[in-house]
Amino acid sequence: MNQARRKKVSHALEFLGFTMPAVIAILLFVGIPFFMCIFYSLRKWNGIQRKSTFIGLQNYIRAFTNDSTFIKAIGYTLLYALLTVILINIIALLLSAILEQSNLWGKGFFRAAFYIPNIISLIIIGFIWKFIFGRAFEAIHQATGIRAFGWSWLGQPKLAVISTVLVTVWQALGFYMLIYIAGLQSVPDDVLEAATIDGAGKVRRFFSVVLPLIVPSITVCTFYSIANSLKMFELIFTLTGGGPGDATTSVALDIYNTAFNSNQYGYGSAKSVILFVMVAFITILQVTLFKKKEIEA
Amino acid sequence: MKKLIALSLCAVLLAGTMAGCSRGEKTTNSTASSKSPVTLNFMLNSPELTDQYKAMAAEYKKVAPNVTINMTIIQNDYQTVLKSKLNSGNIPDLFMSSAYNDNKVYQDYTYDLTNESFMKNFNPVFLKSVTLDNKITGYPFLVQSHSFIYNKDLFKKAGITKLPTTLDDYKEVCEKLQAKGIQPFSSGFAEWWVLPQMTYPSMSDAYDGDYNKLFSDIKSGKLKFGDLPQVDFALDLIDLVKKYSGSKPMESTADMQVSDFANGKVAMIHQGSWEEDSIRKINKDIDMGYLEAPRMDGKSVIAVDSNLTMRVSKDSKNLKEVLSFLDWLTTSDYGKSWIPEVVKQISPQKDAASPDTQLAKETAKAVNDGKTCQWWIFCGPDGIEQPFGTAFQNYAAGASRQQTKDNLTKIFVDAYNAES
Chain A
1 MNQARRKKVS
11 HALEFLGFTM
21 PAVIAILLFV
31 GIPFFMCIFY
41 SLRKWNGIQR
51 KSTFIGLQNY
61 IRAFTNDSTF
71 IKAIGYTLLY
81 ALLTVILINI
91 IALLLSAILE
101 QSNLWGKGFF
111 RAAFYIPNII
121 SLIIIGFIWK
131 FIFGRAFEAI
141 HQATGIRAFG
151 WSWLGQPKLA
161 VISTVLVTVW
171 QALGFYMLIY
181 IAGLQSVPDD
191 VLEAATIDGA
201 GKVRRFFSVV
211 LPLIVPSITV
221 CTFYSIANSL
231 KMFELIFTLT
241 GGGPGDATTS
251 VALDIYNTAF
261 NSNQYGYGSA
271 KSVILFVMVA
281 FITILQVTLF
291 KKKEIEA
Chain B
1 MKKLIALSLC
11 AVLLAGTMAG
21 CSRGEKTTNS
31 TASSKSPVTL
41 NFMLNSPELT
51 DQYKAMAAEY
61 KKVAPNVTIN
71 MTIIQNDYQT
81 VLKSKLNSGN
91 IPDLFMSSAY
101 NDNKVYQDYT
111 YDLTNESFMK
121 NFNPVFLKSV
131 TLDNKITGYP
141 FLVQSHSFIY
151 NKDLFKKAGI
161 TKLPTTLDDY
171 KEVCEKLQAK
181 GIQPFSSGFA
191 EWWVLPQMTY
201 PSMSDAYDGD
211 YNKLFSDIKS
221 GKLKFGDLPQ
231 VDFALDLIDL
241 VKKYSGSKPM
251 ESTADMQVSD
261 FANGKVAMIH
271 QGSWEEDSIR
281 KINKDIDMGY
291 LEAPRMDGKS
301 VIAVDSNLTM
311 RVSKDSKNLK
321 EVLSFLDWLT
331 TSDYGKSWIP
341 EVVKQISPQK
351 DAASPDTQLA
361 KETAKAVNDG
371 KTCQWWIFCG
381 PDGIEQPFGT
391 AFQNYAAGAS
401 RQQTKDNLTK
411 IFVDAYNAES
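Chains as they are written, first to last, in my numbering: chain A, 1 to 297; chain B, 1 to 420.
Chain A on its own, in the form it takes in the complex (with noise of 0.2 Å):
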């Protein structure tokens, strides 16, 4: 009894012992930044000067009711949201079970290929894709005189959002078919053979076997490109710089303009517990719903 009672304590002190320092680390860079930032949210500064004003919950109200600005951010955020996690999931997927399945000379050189743009820094991929909309495809347009290459890809509201949708797919999908290799990796060769001499095709196999058997790939998948885009900085400050006019500005850029260009930080830092609560409430019931599904094979 005793010794079972010491026994558990040691084994506390041990997994203590090895999570301390990630402890540490977390709430010294992200949990003290974090109630620094409601604290501020509910204050008037600006973000230099020494004195700052309480004024409660007005930063919060002013966001809902008086900032256009903020709201279409929102807006092209979710939206963005929507496109980027539909198309990285269904492309990746797609790619790895033709990757999986096929024996594909040159298997090894497509996964890497995929994944290299990947461990690139998006700030870089903004600006090589900045010069290839830009330059590359007005040269391509003369050449060719391929009516799509003259469009203004970035200087046209509306085709701005799709090429941040475009490039963000490009650069995350490497990342997100490696899980998904992973995953139809692990499918137990059994479970396919019995499938197979029950009659099933190639396509019901993957629809009635695989897919389920898969889910908790896609649980991860999701919530990570629904968290990734949601929170979307980088990419879009480098490649558009929130333009044409506000047109690409996520929440995180608007956030960054307010606090830094505008010298509203307290107002900044309110938005960005509004982004915090708005990803946090998504991508919890992302993974609820998905979890619900996951089943053991």
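The reader is advised that the hints may include incorrect statements.
Not everything, but these chain B residues come out facing chain A in the computed CB check (under 10 Å) [as the list claims (entries may be wrong)]:
(1) PHE233
(2) GLN386
(3) ALA391
(4) ALA397
(5) ASN407
With a straight-line Cα cutoff of 25 Å, these simulated DSS-like cross-link-like pairs (lysine-lysine) come out [claimed, not checked]:
(6) LYS128/B to LYS361/B
(7) LYS72/A to LYS410/B
(8) LYS219/B to LYS51/A
If you're looking for bench data, these hints aren't it; they were derived computationally from the structure.
Heads up, the beta-carbon is just placed ideally off N, CA and C, and yes, glycines get one too.
Please build the complex by placing chain B on the supplied structure of chain A, with the hints as guidance.
Below, chain B alone, put in the same frame as chain A:
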């Protein structure tokens, strides 16, 4: 094989940490060896002047060998980095900012220079921008100008002899250029700061130049900014520039403006004296000049002001050394000639020599002719530049005139509400 890779990686990482150590030691050693060592931390923007800053610091080292100037020079996110430094108590001894409303923004941190003797060497015109409540809060660093810059050869090629001064003139010029197959403008509309900057000189006749009254009326709600007749004029100007800026006016960035202009692809850009160096780096022999920006009242102008400001930190431990550095920069022979001869821009000091660059000469001429305006927008509330630019970008991308005016009005109301 794997082990080898892992080992070599470890070695590289270790070497990296050690390199970091040794560098840290070196700086402490070198300061420790001199007699009464002082390290001054400067935080500067405008990285295009890096070489010039370094030349100046090296020159000062000759005069005051015990003073080491440690410069941090950045452009992107300068304000953000400065803010986090100020908030974390890691305050540089001297830092740069804009003038006008930044006088107020940074007032908790800046040393009052009013009674320093070297401030008497400045042209009083350029002290206006750094004065807050009759106190001089900063050291005006250099005079900059912006307006439409044009390529003289291309204008000659299109047979344009009379330089444009009104909106109609500009339209005529654009048509003549286009007839010769020359793209008139590169807009710079992708940059939120270029677009409004283009309109400021053309709106400078608002309230006949009484900007204090203008902004106090806006603050009190007596005037809606969008109702200013000058706003309509500015929108007309945006329409014109957009129309003659090729097929993708909304994608033109400042870099593209510079390269298109320097390569002779376009005849005009709206930019400032700070870009002359970049233009010359691409095309050394380009023959360029300023055009005066059109205004409603028919008086065309170039925007000229001293906006870049050096501020001395009030709580600096080395206050004395910083002040004697500024004194040297103002009164010594090298200091006096640094701006005109090394930086090659116009100095805000009295009786300073004129720099030997084309745009600076044209600026000096405009100053003598009285054809200049202040950077008046900075007399307004803090933090409006970016939303202002976004509103104009939205207009250029298709928003309606009324929507844009309402938007501009709201930007000012919000900005004044945010001030405490």
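Here is what the structure says about each hint:
For PHE233/B, the interface hint is violated, the least distance from its beta-carbon to any beta-carbon of chain A being 20 Å, above 10 Å. A hinted interface residue such as GLN386/B counts as satisfied when its beta carbon comes closer than 10 Å to some beta carbon of chain A; here the least separation is about 4 Å, so the hint holds. At its closest, the beta carbon of ALA391/B sits 8 Å from a beta carbon of chain A; the interface hint therefore holds under the 10 Å criterion. A hinted interface residue such as ALA397/B counts as satisfied when its beta carbon comes closer than 10 Å to some beta carbon of chain A; here the least separation is about 4 Å, so the hint holds.
Below 10 Å, beta-carbon pairs count as interface contacts, and ASN407/B has one with chain A at about 8 Å; its hint therefore holds. At most 25 Å may separate the alpha-carbon atoms for a hinted pair to count; LYS128/B and LYS361/B meet this at roughly 23 Å. Taken as a hint, the LYS72/A and LYS410/B pair is honoured in the structure, with Cα atoms around 16 Å apart against an allowance of 25 Å. Using a Cα cut-off of 25 Å, the hinted pair LYS219/B and LYS51/A holds, with the two alpha carbons roughly 22 Å apart.
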